[in-house]
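Asker: Sequence:
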Amino acid sequence: MTTPEDETGRDRRQRYRVSDWALVDLAPVSGDELEAIRERLRLAWPDAFSLSAQFHEMRQEQVVLRRHAERESATFARLMEGLERRLDRLAEILMVHEFGECPPPLEVDVSAEGMGLHWPRPLAEGQALRLRMLFPSTGAGLHTLAHVAWREVAGGGTRVGLTFEFLHERQEELMVHHVMQREAMLLRERSDSRPSGK
Numbered sequence: 144m145t146t147p148e149d150e151t152g153r154d155r156r157q158r159y160r161v162s163d164w165a166l167v168d169l170a171p172v173s174g175d176e177l178e179a180i181r182e183r184l185r186l187a188w189p190d191a192f193s194l195s196a197q198f199h200e201m202r203q204e205q206v207v208l209r210r211h212a213e214r215e216s217a218t219f220a221r222l223m224e225g226l227e228r229r230l231d232r233l234a235e236i237l238m239v240h241e242f243g244e245c246p247p248p249l250e251v252d253v254s255a256e257g258m259g260l261h262w263p264r265p266l267a268e269g270q271a272l273r274l275r276m277l278f279p280s281t282g283a284g285l286h287t288l289a290h291v292a293w294r295e296v297a298g299g300g301t302r303v304g305l306t307f308e309f310l311h312e313r314q315e316e317l318m319v320h321h322v323m324q325r326e327a328m329l330l331r332e333r334s335d336s337r338p339s340g341k
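Using my numbering, the final residue of the sequence shown is 341, and nothing's skipped along the way.
Note that these hints are calculated values from the structure, not bench results.
Careful: at least some of the hints might be erroneous.
As the list claims (entries may be wrong) - What follows is a list of derived Cβ distance ranges for each label pair: (1) Ser-216 with Asp-175: 20 to 26 Å; (2) Glu-332 with Ser-173: 38 to 44 Å; (3) Arg-337 with Ser-280: 29 to 35 Å; (4) Ser-162 with Gly-243: 22 to 28 Å.
By construction, the Cβ of each residue, glycine as well, lies at the ideal position given by its N, Cα and C atoms.
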């Protein structure tokens, strides 16, 4: 049973935002197309973006095995870690390939449930979008639907806030862990940039 404390903690994880860079492809979807595209994405054959989520799910399932390996054999633990890095790299290469002409990275502020970014083309509030994105920082990738929650004119362009529509639970888990991993990276960067004090 979910307690109020659990709910509060989960809400915090969902809404916590970090800055990052992402390759982003947005395509407006009309109301007539929305349900058909939603169903097609839900039932689609595995692609590079779904592989990213599946590899992440596999890593989470292997947490206990990795801890056991670290205790029993440092060599085996390093082999597992190397294999996971190669799988992530493979998924990242395939996702970049699926983008076709690779778009320039955009600065985003991202949470597990949505993100804000500057977008060069006009988008209306409430607009449904087909979303593909890749985060080079962690190799996480997502292909799903999103909706424009808000928009504002800023800096000579338009800044929009998107909410994600997850079609599989593993997509949501992927984004939660991406945000946590990115936060840890930023904390390490800040720590490394501090003077040593010596």
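Asker: All hints are to be evaluated individually against the structure, with a verdict given for each.
Answerer: How the hints compare with the structure:
1. Against the hinted window of 20 to 26 Å, the Cβ-Cβ separation of Ser-216 and Asp-175 comes to about 57 Å, which falls outside the hint.
2. Glu-332 and Ser-173 have their C-beta atoms about 42 Å apart, which keeps the hinted 38 to 44 Å range intact.
3. Checked against the hint of 29 to 35 Å, the pair Arg-337 and Ser-280 fails, with Cβ atoms roughly 21 Å apart.
4. Evaluation of the 22 to 28 Å hint for Ser-162 and Gly-243 yields a pass: the beta carbon distance comes to about 27 Å.
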